[in-house]
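Respectively, the protein sequence lines represent chains A and B. Note that this note's numbering has the first sequence beginning at 8, numbered continuously upward. Note that this note's numbering has the second sequence beginning at 559, numbered continuously upward.
Hints listed in this document are in silico derivations from the structure and should not be mistaken for laboratory results. A few of these clues could be false.
As the list claims (entries may be wrong) - Beta-carbon label-pair distances, calculated as ranges:
{"hint": "1", "chain 1": "A", "residue 1": "N148", "chain 2": "B", "residue 2": "A818", "range": "43 to 53 Å"}
{"hint": "2", "chain 1": "B", "residue 1": "G690", "chain 2": "A", "residue 2": "S337", "range": "24 to 34 Å"}
{"hint": "3", "chain 1": "B", "residue 1": "A818", "chain 2": "A", "residue 2": "G283", "range": "18 to 28 Å"}
{"hint": "4", "chain 1": "B", "residue 1": "G690", "chain 2": "A", "residue 2": "D392", "range": "41 to 51 Å"}
{"hint": "5", "chain 1": "A", "residue 1": "G88", "chain 2": "B", "residue 2": "A818", "range": "23 to 33 Å"}
{"hint": "6", "chain 1": "A", "residue 1": "R488", "chain 2": "B", "residue 2": "I733", "range": "29 to 39 Å"}
{"hint": "7", "chain 1": "B", "residue 1": "Q852", "chain 2": "A", "residue 2": "K385", "range": "41 to 51 Å"}
{"hint": "8", "chain 1": "A", "residue 1": "S280", "chain 2": "B", "residue 2": "Q852", "range": "49 to 59 Å"}
{"hint": "9", "chain 1": "B", "residue 1": "V679", "chain 2": "A", "residue 2": "D266", "range": "51 to 61 Å"}
Just so you know, even glycine gets a beta-carbon here, dropped at the ideal spot from N, CA and C.
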Amino acid sequence: MLQSGRNEAGATPMLTISNVSKSFGGVRALVDASLDLYAGEVHALLGENGAGKSTLLKTLAGVHTADSGVIKLNGQEFKQGSTKASIEQGVAVIYQEPSLFPDLTLAENVFIGRQPIKSGLVDWHTMEVESKKLFEGLGINLNPTAKARGLSIADQQIVEIAKALSTEAQVIVMDEPTAALSAKEVDRLFEVANRLRETGHAVVFVSHRLDEVFALCQRMTVMRDGSTVGTQLIADTSEAQVIQLMVGREVAELFPKLDVQPGEIVLKVENLSSDGNFQGVSFEVRAGEILGIAGLVGSGRSEVVRAVFGVDSYDQGSVTLLGQRVPKASPSKSMSRGMALVPEDRRQQGLFMPTSIARNSAVTLLKKLSRGIFLSGKNESKVADKWGKVLQLKSASLLDPVERLSGGNQQKVVLAKWLATEPKLLIVDEPTRGIDVGTKAEVHRLLSEKAKEGMAVVMVSSELPEVLGMSDRVLVMREGRLVGSFERSEATPEKVIGAATGAMNKA
Amino acid sequence: MRSLKNLVRARELPVFAAFLIVMGGTSLAVPHFFSGKVAIDLFLGVAVIAILAVGQTFVIVMRHIDLSVGSTVGFSAFLIGDAYSKGMGLGTGMFLAIGLGLLVGAMNGFLVAYLKLPSLVVTLASLYIVRGIFNEFATGQTIIESEVPPAINWLGLNRFFGIPYLFLIGFALVIIAGFVMKRSRAGRDLYAIGSNPQAAELAGIPVARRVFFAFVATGGITGLAGAVLLGRFNSANPNSGLGLELLVVAACVVGGVTIAGGAGTVYGAFIGAILLQGITLSIGALGIPQFWQQAVNGSLIIGAIALDRYLSTRVKTTTIMGSKNE
Numbered sequence: 008m009l010q011s012g013r014n015e016a017g018a019t020p021m022l023t024i025s026n027v028s029k030s031f032g033g034v035r036a037l038v039d040a041s042l043d044l045y046a047g048e049v050h051a052l053l054g055e056n057g058a059g060k061s062t063l064l065k066t067l068a069g070v071h072t073a074d075s076g077v078i079k080l081n082g083q084e085f086k087q088g089s090t091k092a093s094i095e096q097g098v099a100v101i102y103q104e105p106s107l108f109p110d111l112t113l114a115e116n117v118f119i120g121r122q123p124i125k126s127g128l129v130d131w132h133t134m135e136v137e138s139k140k141l142f143e144g145l146g147i148n149l150n151p152t153a154k155a156r157g158l159s160i161a162d163q164q165i166v167e168i169a170k171a172l173s174t175e176a177q178v179i180v181m182d183e184p185t186a187a188l189s190a191k192e193v194d195r196l197f198e199v200a201n202r203l204r205e206t207g208h209a210v211v212f213v214s215h216r217l218d219e220v221f222a223l224c225q226r227m228t229v230m231r232d233g234s235t236v237g238t239q240l241i242a243d244t245s246e247a248q249v250i251q252l253m254v255g256r257e258v259a260e261l262f263p264k265l266d267v268q269p270g271e272i273v274l275k276v277e278n279l280s281s282d283g284n285f286q287g288v289s290f291e292v293r294a295g296e297i298l299g300i301a302g303l304v305g306s307g308r309s310e311v312v313r314a315v316f317g318v319d320s321y322d323q324g325s326v327t328l329l330g331q332r333v334p335k336a337s338p339s340k341s342m343s344r345g346m347a348l349v350p351e352d353r354r355q356q357g358l359f360m361p362t363s364i365a366r367n368s369a370v371t372l373l374k375k376l377s378r379g380i381f382l383s384g385k386n387e388s389k390v391a392d393k394w395g396k397v398l399q400l401k402s403a404s405l406l407d408p409v410e411r412l413s414g415g416n417q418q419k420v421v422l423a424k425w426l427a428t429e430p431k432l433l434i435v436d437e438p439t440r441g442i443d444v445g446t447k448a449e450v451h452r453l454l455s456e457k458a459k460e461g462m463a464v465v466m467v468s469s470e471l472p473e474v475l476g477m478s479d480r481v482l483v484m485r486e487g488r489l490v491g492s493f494e495r496s497e498a499t500p501e502k503v504i505g506a507a508t509g510a511m512n513k514a
Numbered sequence: 559m560r561s562l563k564n565l566v567r568a569r570e571l572p573v574f575a576a577f578l579i580v581m582g583g584t585s586l587a588v589p590h591f592f593s594g595k596v597a598i599d600l601f602l603g604v605a606v607i608a609i610l611a612v613g614q615t616f617v618i619v620m621r622h623i624d625l626s627v628g629s630t631v632g633f634s635a636f637l638i639g640d641a642y643s644k645g646m647g648l649g650t651g652m653f654l655a656i657g658l659g660l661l662v663g664a665m666n667g668f669l670v671a672y673l674k675l676p677s678l679v680v681t682l683a684s685l686y687i688v689r690g691i692f693n694e695f696a697t698g699q700t701i702i703e704s705e706v707p708p709a710i711n712w713l714g715l716n717r718f719f720g721i722p723y724l725f726l727i728g729f730a731l732v733i734i735a736g737f738v739m740k741r742s743r744a745g746r747d748l749y750a751i752g753s754n755p756q757a758a759e760l761a762g763i764p765v766a767r768r769v770f771f772a773f774v775a776t777g778g779i780t781g782l783a784g785a786v787l788l789g790r791f792n793s794a795n796p797n798s799g800l801g802l803e804l805l806v807v808a809a810c811v812v813g814g815v816t817i818a819g820g821a822g823t824v825y826g827a828f829i830g831a832i833l834l835q836g837i838t839l840s841i842g843a844l845g846i847p848q849f850w851q852q853a854v855n856g857s858l859i860i861g862a863i864a865l866d867r868y869l870s871t872r873v874k875t876t877t878i879m880g881s882k883n884e
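Looking at chain A on its own, in the form it has when it is part of the complex (with noise of 0.2 Å):
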């Protein structure tokens, strides 16, 4: 890949962020993030989950306000707080879900809300004359009439490139846009990205795949707990490095780890596959043993503990608790037998929001606690109690309902909920996803509290301290295969983030 060229002493930024803080409730998401950006590159914006690169986007596209902190466009200062001003300023947002509209014509997509107007009226044959200028400017041949459903998530991105291109933006921010993509699509969003460098954009480019920056942009910045932690020149860095800055902290005393001595084998996999999502997977999980399960978001993770759990059903391949089958498919019978899975997305999959916390930690017991078809509120409470206190839960009363508690304390609450069927193994999908320091000790304190008393634990995270500070053994997923597997005391992030993005093949 060719250099810019772009000397930073030589031209002026189109776009300087200086010092800008923002901070939600009390969780500081950014602070004193700064970054400069020119005309004519491709920046990479690189950093963890959590690290403050989606909080810094959503600023750029009006959506937050920064506490402090000054960001100028061209020498002047740029409007924050408003997605319209951030549009009518030349800053274009392409999100890794592109937000189209799915029963609009592409061409009304690209032109939402500027439609060209004659005479007063919505002047539909221009705008899609327009349009198809715009797509084929972008050497894509899409056609302007159709509706926008059903379209790929790679041609969704060419559509909302051809509407940032329509509204005139200089400054283009594509969040992790090959997230979805195939490795065909990928070129093509390249050369796009090419494209728009050529004819004098600033393109913002988030991508976890280092492998992807060093082939596309020319300069990166290491995003970090809320700060950038540095800004170089892709020539004059190595991915080694890059992930040096990315990780850079301390596993510190947030991981309360207790050694165990592993038991028999609780739950065994066996080349499971599923097509589209995972291929091949195989593993055995003993009892009192944590296996954490690393890789990108969109690696097949999930999709591999839900299979296993039967959530989803698979194509291929077996799943063995205790030496017996488990039949695919069917999370009821996964439930009698032993297992038990505390979802990633707790709103949607883990709890019933609007009900009680007694009712929601005793929902998996249903059957146990009632006399006749009719449910006992006592037994119910009773159960909800137990486990409220094991967990340090912080409620008025169990009576509550669970939508008015914190993040923290209903994640302890779905813990609650399966901890109570006493499982043999406990399938946790981010469980300190979006939760305080606090809160976050005491769940891994509880994991590994069980796990000594011999459950089985499989956890899959983003967060790669927790992979390395909780689990016994580490498996890292990489589009939709385990690619590698450490024991804890050879687990190091530089091998985990290596074996996750790829960069570990080429070495």
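The hints should help you fit chain B onto chain A, whose structure is shown.
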């Protein structure tokens, strides 16, 4: 050529075809069914529903619903007659009727757009509130023919080249609203809001303002429909318009205005209203017990939803690049 292709692919076409089949089938079974009188009945029956369906389309396209229209249209009709009977004239009556509609619309719109309350619940509440105030106001009285303003009475009884004026009023409104929905930015914004509300916010569309004014417009149109309702029956009482809101929603859904928002036209809703009215007349002519009519209407709604679902899943599998997508 292209407009012909669009016509063939239009979602409205099968609805109109169904109407022709119903009318044709009934004509075969009951000779002389399709007479001038049936045509007039059809036109008159469609008029009020068509006007209300215009307003309802604004709202449903945004993924909302307005159940208050039945109460408002009845109260509006009553107000026009009441004002006239108290010597206030047609102008004042129309002012009150449309004013009531705008007020109810503004209330609904404010609660839905700015306080983010669900429109189903908000408009269900205003359905009861308006009907309650209406009953209190009317105290059991009925507007009789002599209390109907002569201009409205005249519109209700007369025709233009054989077509009732009331129908023409509705038809004109449908054409105007259809044009506005297709050719104005504000109209297109309604589709965008219903198709993907979050994306509409991100695209800089003033979502709350659009939702508010769409409810206000629906209210105003509903007030106007009160005059047509009064002209149609030449009377009004505290039960006027009772249950009409569901018939209107049915007309919209049958006509291809998808309840999930983002798709459908006022023309479709209009044709939906014609189909429902045609079925009413056919069932009467065939001597089928009246309650079957409601069952048929219900089946039509399910059929329409099934058709929409089928059409949208069929589109889903034909991606343009042929690349993988969930």
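| query | What are the numbers of the hints that this structure violates, sorted from low to high? | reply | Hints 1, 2, 6 contradicted; others consistent.
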